[in-house]
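*Asks:* Residue numbers (full-length UniProt numbering), protein chains in the order written: chain A, 1 to 486; chain B, 1 to 486.
Some hints could be false.
Said to hold, decoys possible - With the Cβ distance kept under 8 Å, some of the chain A side facing chain B (calculated, not the full set): (1) 14; (2) 25; (3) 80; (4) 147; (5) 176; (6) 252; (7) 307.
No lab work stands behind these hints, which were simulated from the structure alone. The beta-carbon is built from N, C-alpha and C at its ideal position, and this holds for glycine as well.
2 protein chains.
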Amino acid sequence: MTVGLKTEEVTELALHRSTLNENVLKAEYAVRGKLYQAAVERAESGKKVIYTNVGNPHALGQKPITFMRQVLALVNYPALMEQPELASHFPKDVVERAKTYIANTPGGTGAYQDSRGNAYVRQEVADFLTERDGYPAKFEDIYLTDGASQGISLCLFLAIRGRSDGILTPVPQYPLYSASIELRNGTKCSYYLDEESGWGLSIAELERSVKEARSNGVLPRAIVIINPGNPTGQCLTVNNMEAIVRFCVREKIAILADEVYQTNVYPEGSKFVSFLKVVQDMGQEAKNCQLISFHTVSKGVVGECGRRGGFFHVHNIPEGVVEQMYKVMSTSLSANVEGMLVVGMMVNPPKVGDESYELYFKETNGILESLKRRAKMIYDAFSSMRGISCNPVEGALYCYPNVKIPAEAVEAAKKKDIAPDVLYCLELLDATGICTIPGSGFHQKEGTFHLRTTILPPEDEFEQIVKDFMDFHEGFLSKYNAAEDF
Amino acid sequence: MTVGLKTEEVTELALHRSTLNENVLKAEYAVRGKLYQAAVERAESGKKVIYTNVGNPHALGQKPITFMRQVLALVNYPALMEQPELASHFPKDVVERAKTYIANTPGGTGAYQDSRGNAYVRQEVADFLTERDGYPAKFEDIYLTDGASQGISLCLFLAIRGRSDGILTPVPQYPLYSASIELRNGTKCSYYLDEESGWGLSIAELERSVKEARSNGVLPRAIVIINPGNPTGQCLTVNNMEAIVRFCVREKIAILADEVYQTNVYPEGSKFVSFLKVVQDMGQEAKNCQLISFHTVSKGVVGECGRRGGFFHVHNIPEGVVEQMYKVMSTSLSANVEGMLVVGMMVNPPKVGDESYELYFKETNGILESLKRRAKMIYDAFSSMRGISCNPVEGALYCYPNVKIPAEAVEAAKKKDIAPDVLYCLELLDATGICTIPGSGFHQKEGTFHLRTTILPPEDEFEQIVKDFMDFHEGFLSKYNAAEDF
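Just need the whole structure built from these sequences, with the hints factored in.
*Replies:* Okay, here's the thing in structure tokens:
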């Protein structure tokens, strides 16, 4: 049996740890790392765990959108539409949508689709982009994937030829990027977001990073920009985006725009602006800007993480590259078909006048308004804690406070051979059941410590969670003898 | 806009064809290659295409299993169970199964599960393996994936460190393997199946291949065995499997057993035997055999390709390796959840006495019996054609006949800079709409030509398809002046 077999017993075997691909061994992935494993053990021992380590809304009680689930039920089991007494249970637009999807999904949800995705849904996405940005988008430029991660991973794979190819990546960053770059044998070129200016992205810092890369013999090929930010929650201004585009054109760097949180924008009156719009608004000046944009059904107000639905859009990517994308996607034949349909419903929801519209609006607006309140509550809570500072959560699903760690705790962590923020998060988990991720998993400026928590716990438990967190924090400061004015 | 941008216009861009990862450029993937693209163009121009290029049963009219679709409808939209007049439409065991899955899927189908897969379904798979092989299987050794391809790709990625790592791969082979090995920068070490002995797998040939690899400085790390064979349709004997295991233990080569066609075994009285059973039956002699076995919901009688459900089972794989698998799987967070549930239903279908059983049996048995008839029909047809020879289709979903190509056709192909079997398949497509894949995509012994067709077209269209094929074939032989006794 496999379980329990230790490395020292396996010298007679072909596959053991020391004979694996070294890029695999080097890659780190914090979202499912030490903290998550400790949390799983805790849960298995029967204790409560509040999983704020990953943006997994349904796991924390967010309800699915009824319209989507009704359509899925019908496309999977169309017999429900054939008997009037059953069909009458479903709103008319749900039945129509299900019929439209069935008619436009060759072989149904059980059949591989074209490796680029179902053509009807790709057109729905194109229509959505056209309406969102005010420029005509083409379905041929859209690829449907198993979640956004698959597309990101594919693009990095194509772009990276080896260690001397660099990908500019923010610090802090979502660990998918550092892990994928490592797995693909590329070089991560960090650019630091400026915590003091609300996690601002400065062109001077990009220039510094590119210069450093080049002086190390590394060619920066692409830049990852997460907007709204993960884990930082900031939203870029249009001015800033224009400056980034100019920089990328000048330096011949392609933009990978992770815009999976585009619906999660919270400040009153603010609106998400895509890189695709900015680039097109800039016209001639940005004509050499290469841009690949990613979106998903896992976040926003849909939160259908388990569907693994996503898409990417290519702008100014030559046919020779697109052909290769198609070929690599072909080796896994097809993304899952329901994920594609959920993408379609996300970008083409019920409209005013449709029978489902009222409920759809109530559900999605309810989720968005509640997320806004929770974003504020969590910011207020962290801002009030001794030794913790925090930027407002403008977007996405996370808060990334800066936590000062007392010297004695730093010492204690050192003895245990773990990072100080790992110690903090482990003790938080142990005391309260709240599972967060230490900043070291997202990378951070040397000497600073952070943690990432989602804003996803249910609103009615929020007060208690915040109270537990505060109690723990005060206890932690006392335990490690933080100064009064810490 | 992207569409239409040619390579010569893009020297100002970071990403163009000549700056891509060279392993991507080198990889070939025939299942969605030249023939498929020609077929898509044909379909777009309004002409009929019979897609026998890929094992995609529902696309050719195979019906989904009602039990599975009913359960999926309920888990996606549980409100159907809350109203008695709706719930009464569903068999009792369907409702029970849906409730069980809902209770055991944290957050529901819309939530990421553990990256190794939902624990309840992993246990269902373990129970299935235990019953199938007569040895206790553990859920910890089972990983749920987006189709079998994802697991195969993962294992190759871990095992391959670079060009000097070799993977033994059959010729002919399923092109996922050659493509994945190329994408991972490894070396494919071919071993030839013997067409004359019914695509037999001889140990002498494995020894030859290993010797050749070593003399080229390549270390064979793992062997891919597809049983039942794809595209060849042969089933290995237990004696042969034991000899393979002995060989692999002796040579320190891990076995990757692609057993996705385990339900598709056709000769009267024959039964699939897994490598996992053979290895365990061999006891002490095979104690150092490392085995990873793959299965899917896409084939068999289920044919739910669009779900992307699959699993792999690790045997004798040390913890240090398993941890790395888990880490890499974590970077894509979770396979899609419905794919997992369909895996569960495939391995744990309705039992005698369950309300759904009768229909389930009728549907699955009907599909299997029809596949058996079609396997025989296609074999009979090819065997009767001048210049074509063919082994019986013992298993899987394909027939891989050997097609002699007249000298003038070989010449014509040369002029068009395509392989002779590509010419044959393109002309077949053009004349009949039948989309096959030329043998060059699966690799073949030099100087021989083949094509792969699935046995999936609907039974009532089979006669016509076979007739069209025969007519085309005779026409092709005349056109290129084949000798009378060809």
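*Asks:* For a quick check of understanding: which of the numbered hints are violated here, in increasing order?
*Replies:* none
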